[in-house]
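Residue numbers for the sequence shown follow the numbering used here, beginning at 39 and rising by one.
Since the hints were derived computationally from the structure, they do not count as laboratory data.
Where hints are given, some of them may not hold.
If you anchor each label on the Cβ, the simulated ranges turn out as follows [to be verified]:
#1 Asn336 with Ala293: 29 to 35 Å
#2 Val292 with Glu238: 32 to 38 Å
#3 Pro80 with His242: 45 to 51 Å
#4 Leu78 with Asp127: 38 to 44 Å
Mimicking SDA-like on lysine to any residue, the simulated pairs with C-alpha atoms at most 20 Å apart in a straight line are [stated by the list, open to error]:
#5 Lys198 with Ile70
#6 Lys198 with Ala76
#7 Lys343 with Gln299
#8 Lys343 with Arg148
#9 Lys331 with Leu225
#10 Lys158 with His304
#11 Lys133 with Gly100
#12 Lys343 with Leu294
#13 Lys158 with Pro248
#14 Lys118 with Ile130
#15 Lys343 with Asn317
#16 Lys64 with Lys158
#17 Lys343 with His304
#18 Lys118 with Lys158
#19 Lys118 with Ala165
#20 Lys64 with Arg148
#21 Lys133 with His88
#22 Lys64 with Ile119
#23 Lys343 with Lys331
#24 Lys198 with Pro80
#25 Lys289 with His272
By construction, the Cβ of each residue, glycine as well, lies at the ideal position given by its N, Cα and C atoms.
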Amino acid sequence: MEAINTEALRLLGASFASSTWGTYSKGVEQFIQFRHHAGLPPLWPAPCGHIAAFIAHLSLEGLAPSTIGTYTAAAAYVHKINGWPDPTDSFIVRKMREGCRRQGRRCDTRRPITAELLEKICNILRAITSSDLEAALFCAAFSLAFFVFFRVGELTTASKSAGHDRTLNFHDVWFESNDHSVLVVRLRFSKTDQRGDSVELRFHRDHHSPTCPVNMVSSYLLLRPHLSGPFFVHVDGTPLTTYQFSQMLRKSLVALGLPPQGFSPHSFRIGAATSAALNGTPVPQIQLLGRWKSQAVNLYIRPDKVLPPSHTGLPQL
Numbered sequence: 039m040e041a042i043n044t045e046a047l048r049l050l051g052a053s054f055a056s057s058t059w060g061t062y063s064k065g066v067e068q069f070i071q072f073r074h075h076a077g078l079p080p081l082w083p084a085p086c087g088h089i090a091a092f093i094a095h096l097s098l099e100g101l102a103p104s105t106i107g108t109y110t111a112a113a114a115y116v117h118k119i120n121g122w123p124d125p126t127d128s129f130i131v132r133k134m135r136e137g138c139r140r141q142g143r144r145c146d147t148r149r150p151i152t153a154e155l156l157e158k159i160c161n162i163l164r165a166i167t168s169s170d171l172e173a174a175l176f177c178a179a180f181s182l183a184f185f186v187f188f189r190v191g192e193l194t195t196a197s198k199s200a201g202h203d204r205t206l207n208f209h210d211v212w213f214e215s216n217d218h219s220v221l222v223v224r225l226r227f228s229k230t231d232q233r234g235d236s237v238e239l240r241f242h243r244d245h246h247s248p249t250c251p252v253n254m255v256s257s258y259l260l261l262r263p264h265l266s267g268p269f270f271v272h273v274d275g276t277p278l279t280t281y282q283f284s285q286m287l288r289k290s291l292v293a294l295g296l297p298p299q300g301f302s303p304h305s306f307r308i309g310a311a312t313s314a315a316l317n318g319t320p321v322p323q324i325q326l327l328g329r330w331k332s333q334a335v336n337l338y339i340r341p342d343k344v345l346p347p348s349h350t351g352l353p354q355l
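Based on the provided sequences and hints, a complete structural model is requested.
Put into structure tokens, the structure is as follows:
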């Protein structure tokens, strides 16, 4: 009987490509994380209303209809494999998914976060966070997101328990000089570098910049717990999650009196590209700095959505 059970599990595992398993796992993690932060009870089987709220959340985050469909399918799979009723097959969920498909990918209207706005966000963080460590953590995370052109998934984990092999780790950040005036950030993986060829970026301390990443990271490291693993961690050692990053950005914008709907974690990357272009940096150089492998870089340069040009320091490759 043991051999039969083993073979059944093997066949079940072979029913999906490894990439599909990975995507489904991420979708389930996102659903669990969403319910936790939305204050919804972790009920299984999940109520139809939880799935509907999750779909609405993903839509507001600007995810493509195909991604929303995949994450919903992941939730459906969990229910089917456990023999539970499938809440994604309800009328309301089916209609919401149909609405996602009909509208297609929404026009990306996200605004850039410039150096000026980054400064305001960091200033307000000190008033809305629960401790000096939390303020320093988010200031450093937001500063690196801007100056390193980070994708949020390269800085944060999907959940507190998710793997962090491809997230910025403690050993990926160090100071090259004794006086801590040169910060080195190593990117081991990125969306366009799945083999882990890695690249190192160097930043020189700028005493005149209130958002200098060297200063921000230095302040954070003075308070950070002495732990290996993810670079950005809370006082209890748990990693900074994508949801926490997004929610603190939203909270900061609201505190500043700005509409959070116009921004997302990707606004830092958009702001970095836009600011660089406004400062006269050639597009090929911006493409290199942001690690774009195609002309998609042009979609991130949005001078029509920003106020006066930002004057930012760019890293040295």
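Results of checking the hints against the structure:
1. Look at asparagine 336 against alanine 293: about 33 Å separates their beta carbons, and that is inside 29 to 35 Å.
2. Range check, valine 292 to glutamate 238: Cβ separation about 36 Å, and the 32 to 38 Å hint holds.
3. For the pair proline 80 and histidine 242, the beta carbons lie near 47 Å from each other, so the given range of 45 to 51 Å is met.
4. Hint check: leucine 78 to aspartate 127, Cβ distance near 20 Å, so the stated range 38 to 44 Å is violated.
5. Proximity of lysine 198 to isoleucine 70 is assessed by CA-CA distance (about 11 Å); at most 20 Å being required, the pair is judged to hold.
6. At roughly 16 Å between alpha-carbon atoms, lysine 198 and alanine 76 fall within 20 Å of each other, so this suggested pair holds.
7. Between lysine 343 and glutamine 299 the CA atoms are separated by roughly 14 Å; this keeps the pair inside 20 Å, and the hint holds.
8. The straight-line distance between the Cα atoms of lysine 343 and arginine 148 is roughly 8 Å, inside the 20 Å bound, and the hint therefore holds.
9. Only pairs whose Cα atoms come within 20 Å are accepted, and lysine 331 paired with leucine 225 is accepted, the gap being roughly 16 Å.
10. The straight-line distance between the Cα atoms of lysine 158 and histidine 304 is roughly 18 Å, inside the 20 Å bound, and the hint therefore holds.
11. Annotation: proposed proximity of lysine 133 to glycine 100 holds, straight-line Cα distance about 18 Å (limit 20 Å).
12. A distance of roughly 18 Å separates the Cα atoms of lysine 343 and leucine 294; the hinted pair therefore holds under the 20 Å criterion.
13. For the hint linking lysine 158 to proline 248, the alpha-carbon distance of about 10 Å falls within 20 Å, and the restraint holds.
14. For the proposed pair lysine 118 and isoleucine 130, the alpha carbon gap of about 19 Å is at most 20 Å, so the pair holds.
15. For the proposed pair lysine 343 and asparagine 317, the alpha carbon gap of about 15 Å is at most 20 Å, so the pair holds.
16. Among the hinted pairs, lysine 64 with lysine 158 is inconsistent with the structure: their alpha-carbon atoms are about 33 Å apart, more than 20 Å.
17. A C-alpha spacing of about 14 Å is found between lysine 343 and histidine 304, which places the hinted pair at or below 20 Å, so the restraint holds.
18. The straight-line distance between the Cα atoms of lysine 118 and lysine 158 is roughly 48 Å, outside the 20 Å bound, and the hint therefore fails.
19. For the given pair, lysine 118 sits about 46 Å from alanine 165 by alpha-carbon distance, which is inconsistent with the 20 Å threshold.
20. Using a Cα cut-off of 20 Å, the hinted pair lysine 64 and arginine 148 is violated, with the two alpha carbons roughly 24 Å apart.
21. Taken as a hint, the lysine 133 and histidine 88 pair is honoured in the structure, with Cα atoms around 15 Å apart against an allowance of 20 Å.
22. Taking the CA atoms of lysine 64 and isoleucine 119, the gap is about 17 Å. The hint holds against a cut of 20 Å.
23. As the CA atoms of lysine 343 and lysine 331 are separated by approximately 24 Å, the hinted pair breaks the 20 Å bound.
24. With a C-alpha separation of about 16 Å, the suggested pairing of lysine 198 with proline 80 holds against the 20 Å cut-off.
25. The hinted pair formed by lysine 289 and histidine 272 meets the criterion: a straight-line CA distance of about 18 Å does not exceed 20 Å.
Checked against the numbered hints above, the structure breaks hints 4, 16, 18, 19, 20, 23 and satisfies the rest.
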